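Given the coordinates of chain S, assemble chain H onto it according to the supplied hints.
One-letter residues, chain by chain:
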Amino acid sequence: MAEFKKADSILEWFDQRLGVVNFVKVMMTEYWIPKNINFLWAMGVLLTVMFTFLVVSGIFLLMYYKPDVNMAFDSVNYTIMQEVAYGWLFRHIHAVGASVVFLVIYIHMFTGIYYGSYKKGREMIWVSGMLLFVLFSAEGFSGYMLPWGQMSYWAAYVITEIFGGIPFIGDELVVWIRGNFYVSDATLTRFFMLHVLLIPLAIIGAIVFHFYALRFPHVNNEAGEFFDFDEEAEKYLAGNKKESKVVPFWPVFLSKDFFVLGFFMLFFFYLVFFHYNFAMDPVNFDKADGLKTPAHIYPEWYFLWSYEVLRGFFFEIAGVSGKDLGLIAFGIANAIFFVMPWLDRSPMVKPANQRPYFKYWFWFLMADLIVLTVYGKLPPTGANAWVGFASSMTFLALFAALPFVTKAEAKKVKGK
Amino acid sequence: MMDESRRGFIGKAFGAVAAVGGIASLIAMKKTWDPLPSVMSAGFTTVDVSGLEANKLEIAVWRGKPVFILKYTEDMKPTDGRSVKIGDHYFSVMIGLCTHLGCIPAYRADQHDFKCACHGGEFTDAGINKFGPPPRPLDIPPFKLDGVTLVLGEEGPEYKAMTAKA
Numbered sequence: 001m002a003e004f005k006k007a008d009s010i011l012e013w014f015d016q017r018l019g020v021v022n023f024v025k026v027m028m029t030e031y032w033i034p035k036n037i038n039f040l041w042a043m044g045v046l047l048t049v050m051f052t053f054l055v056v057s058g059i060f061l062l063m064y065y066k067p068d069v070n071m072a073f074d075s076v077n078y079t080i081m082q083e084v085a086y087g088w089l090f091r092h093i094h095a096v097g098a099s100v101v102f103l104v105i106y107i108h109m110f111t112g113i114y115y116g117s118y119k120k121g122r123e124m125i126w127v128s129g130m131l132l133f134v135l136f137s138a139e140g141f142s143g144y145m146l147p148w149g150q151m152s153y154w155a156a157y158v159i160t161e162i163f164g165g166i167p168f169i170g171d172e173l174v175v176w177i178r179g180n181f182y183v184s185d186a187t188l189t190r191f192f193m194l195h196v197l198l199i200p201l202a203i204i205g206a207i208v209f210h211f212y213a214l215r216f217p218h219v220n221n222e223a224g225e226f227f228d229f230d231e232e233a234e235k236y237l238a239g240n241k242k243e244s245k246v247v248p249f250w251p252v253f254l255s256k257d258f259f260v261l262g263f264f265m266l267f268f269f270y271l272v273f274f275h276y277n278f279a280m281d282p283v284n285f286d287k288a289d290g291l292k293t294p295a296h297i298y299p300e301w302y303f304l305w306s307y308e309v310l311r312g313f314f315f316e317i318a319g320v321s322g323k324d325l326g327l328i329a330f331g332i333a334n335a336i337f338f339v340m341p342w343l344d345r346s347p348m349v350k351p352a353n354q355r356p357y358f359k360y361w362f363w364f365l366m367a368d369l370i371v372l373t374v375y376g377k378l379p380p381t382g383a384n385a386w387v388g389f390a391s392s393m394t395f396l397a398l399f400a401a402l403p404f405v406t407k408a409e410a411k412k413v414k415g416k
Numbered sequence: 417m418m419d420e421s422r423r424g425f426i427g428k429a430f431g432a433v434a435a436v437g438g439i440a441s442l443i444a445m446k447k448t449w450d451p452l453p454s455v456m457s458a459g460f461t462t463v464d465v466s467g468l469e470a471n472k473l474e475i476a477v478w479r480g481k482p483v484f485i486l487k488y489t490e491d492m493k494p495t496d497g498r499s500v501k502i503g504d505h506y507f508s509v510m511i512g513l514c515t516h517l518g519c520i521p522a523y524r525a526d527q528h529d530f531k532c533a534c535h536g537g538e539f540t541d542a543g544i545n546k547f548g549p550p551p552r553p554l555d556i557p558p559f560k561l562d563g564v565t566l567v568l569g570e571e572g573p574e575y576k577a578m579t580a581k582a
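So the protein sequences, as listed, match chains S and H. Taking the numbering used here, the leading residue of the first sequence gets 1, the next gets one more, and so forth. Taking the numbering used here, the leading residue of the second sequence gets 417, the next gets one more, and so forth.
Isolated chain H, as found in the complex:
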């Protein structure tokens, strides 16, 4: 009887130690697979938009994707829910991958629109699909405004207001 309870106690103690060790090592293994700190910090791209030229497409790279940043000229009208006002100017900020099959559309400055060479899809200056196979407008990446600096990868109030409208 004495032996039984001792064996039972040793068994439970061993089980408890093994469970703690097992859980701890699972956590370690999970974290080893996590993106590295360098990758996480590279997940944010900052662009100073004050120096950009109007009607000339700037392409930033954010998380391996091209991001279109287009400063509007005076005669280009902002599109509700898609154009962002930074300082005194309006901008388009969107992921530069055609929503059809992911090609990168080209900007046609004279017509203020985007044309995808792959299957002929066309988008307005604000990224709204207006012709061809693309099923939806160009995606807008999460961004935050910090004065005249655009931080891609963080959700600021302007971004939240835009997604609420869409």
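Looking at chain S on its own, in the form it has when it is part of the complex:
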């Protein structure tokens, strides 16, 4: 064992044993963030806080929730909502939080795309972020099943049915996932396990990895400028805070972040207390009934765009059925963002508005995602179905075109 001398203070006592002084330096006071940033750089901390809110509210719900087809619906709608003091508060925080977390994820994600924060050494930050998006989607889906209302049931039914489209093993796979031939008690209990244990563990792991992935390439800045972080840090530590291009994570960056967080929390609790209904579908207040399909099934708003891609293909093309085409397109839509760093062939790291071609691509994508989201909620009949088809095709075409658009951009910029 190393030699220990008597500590003069509590801090020193802990420092001898846990190296806290160095730890705080590495993680907080000498972890450097660029100065040239805006409020969009606060989304990461917002997400960490939102995830904490979801975990804490989830813990309280877990004390009264019963994962059993006969008891689940009443344990939520009667016990938690009416009997448990403030049970309604935790449920509304949990439901609204799940919705808002996706809002912030999308802002975070499209900020990254807009500023080119997935390129040139930042690929692993992007990929781990996309992994988090997938995990949060799985968490959202599994949680949606738990109140065991009609939407819970039929969302579970439709989404598990999707796996039936996988060639050869599809039908067996659906039964395996459900643990029964239809969505049943076995399905509910296993998705309960996934929702409260396995996926949250995976999310925590992925968050740690996402943060770690930031350490070497560092956070991007508003101009996409590359500079030597060590050099800038030295300037800051030497007292040239004005000339230095960086600030420490704590206290400088976080204090600004907390300011944004303050506004965000006002917005969040406004929703929780006065406008929670958007996260509480009225159809889901009817108990699950496997023998009665609701007239119109739609997912929560954050899944609408990919849902619309799924059902955008409603007719056969070249002998492949509309259902299979939709499935293929849906698979592509969910995987394509992972390879963003390799589809973008332009070495330019700049905000989209300073990139001659990419800016059009970016705003086209935004417009298309909005159209997909809006039409994903509407019944797919008549003209709606065609808008869905056109916007789904546009989505695929945009990503097919991205390497060419960015290659041409690289050429143009070089030629200047």
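Bear in mind the hints are in silico, worked out from the structure with no lab data behind them. Hints are not guaranteed to be accurate.
[Unchecked claim] DSBU-like cross-link-like pairs, simulated, lysine-lysine; straight-line CA separation at most 35 Å: (1) K256/S to K235/S; (2) K256/S to K120/S; (3) K546/H to K323/S; (4) K447/H to K287/S; (5) K377/S to K481/H; (6) K428/H to K292/S; (7) K481/H to K287/S; (8) K245/S to K120/S; (9) K287/S to K472/H; (10) K428/H to K576/H; (11) K292/S to K576/H; (12) K242/S to K350/S; (13) K66/S to K546/H; (14) K287/S to K493/H; (15) K472/H to K292/S; (16) K447/H to K66/S; (17) K576/H to K323/S; (18) K292/S to K447/H; (19) K359/S to K407/S; (20) K377/S to K546/H.
[As the list claims (entries may be wrong)] Simulated DEER-style distance windows between Cβ atoms: (21) E574/H to L201/S: 23 to 33 Å; (22) V20/S to K428/H: 35 to 45 Å; (23) G322/S to D450/H: 47 to 57 Å; (24) K428/H to L197/S: 49 to 59 Å; (25) L197/S to A435/H: 19 to 29 Å.
Predicted model, so just to flag it, every value in this text is computed and none were measured. Glycine is no exception: its CB is placed at the ideal position from the N, C-alpha and C atoms.
Below, chain H without anything else, positioned relative to chain S:
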């Protein structure tokens, strides 16, 4: 040198043991997620059709879905590829979910047809869509005949003959 090969051997031996253990536990985990034996045996529904009344719809539940069993009267004509002869009588056996959006159609005994209340789809007594939005006839569940007993969930020769025609 001696040490190197010993270390190599130990490494390979450990790798082999770990691989066997890893594969074995993956199999166990996969099987834990399999449907339970009780679920599998509940995947078959048997219905004795000898006691059924003609022109009166019998609804059996098979794998969480309603299954329509309709015994034909003398004046109801069998439909090729969709009606089954059990004993001396013809029957319709089909999944009672509208192929439009999955509502359960109602049987109209006087008109010998099915009407879906949700969006007005209509089906013949043999389950063929004849009006409204349903895109295809009612699905036929896999079944097997065992004398006058209908076993839902198993593919018998009658079922295979029907699907071959369709």
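Would you mind confirming whether the straight-line C-alpha gap from K292/S to K576/H stays at or under 35 Å?
holds (29 Å)
Measure nothing beyond the straight line between the CA atoms of K287/S and K472/H; if it is 35 Å or shorter, mark the hint as holding.
The given pair, whose Cα atoms are some 30 Å apart, holds under the 35 Å limit.
So if I understand the rule, the pair passes when the alpha-carbon distance is 35 Å or less; does K256/S with K235/S pass?
holds (21 Å)
Okay, E574/H versus L201/S on CB: inside 23 to 33 Å?
Once the Cβ atoms are compared, 51 Å apart, the range 23 to 33 Å for L201/S and E574/H is violated.
Between K359/S and K407/S, is the straight-line Cα distance small enough, at 35 Å or below?
holds (14 Å)
Does K493/H sit within 35 Å of K287/S, going by the straight-line distance between their CA atoms?
Outside the cut-off at roughly 41 Å; violated.
Do the alpha carbons of K447/H and K287/S lie within 35 Å of each other, as the hint requires?
The given pair, whose Cα atoms are some 31 Å apart, holds under the 35 Å limit.
35 Å limit on alpha-carbon distance, applied to hinted pair K428/H and K576/H
violated (52 Å)
Is the straight-line distance between the alpha-carbon of K428/H and that of K292/S 35 Å or less?
Answer violated: K428/H to K292/S is near 57 Å, above 35 Å.
What's the verdict on K292/S and K447/H, does the C-alpha distance respect the 35 Å limit or exceed it?
holds (31 Å)
Verify the proposed pairing of K242/S with K350/S, using a straight-line Cα cut of 35 Å.
At roughly 24 Å apart (the allowed maximum being 35 Å), K350/S and K242/S satisfy the hint.
Take the C-alpha atoms of K472/H and K292/S, compute the straight-line distance between them, and say whether it is at most 35 Å.
Roughly 22 Å between the alpha carbons, so the hint for K472/H and K292/S holds.
Violated hints, in rising order: 6, 10, 13, 14, 21, 23, 24; the structure is consistent with all others.
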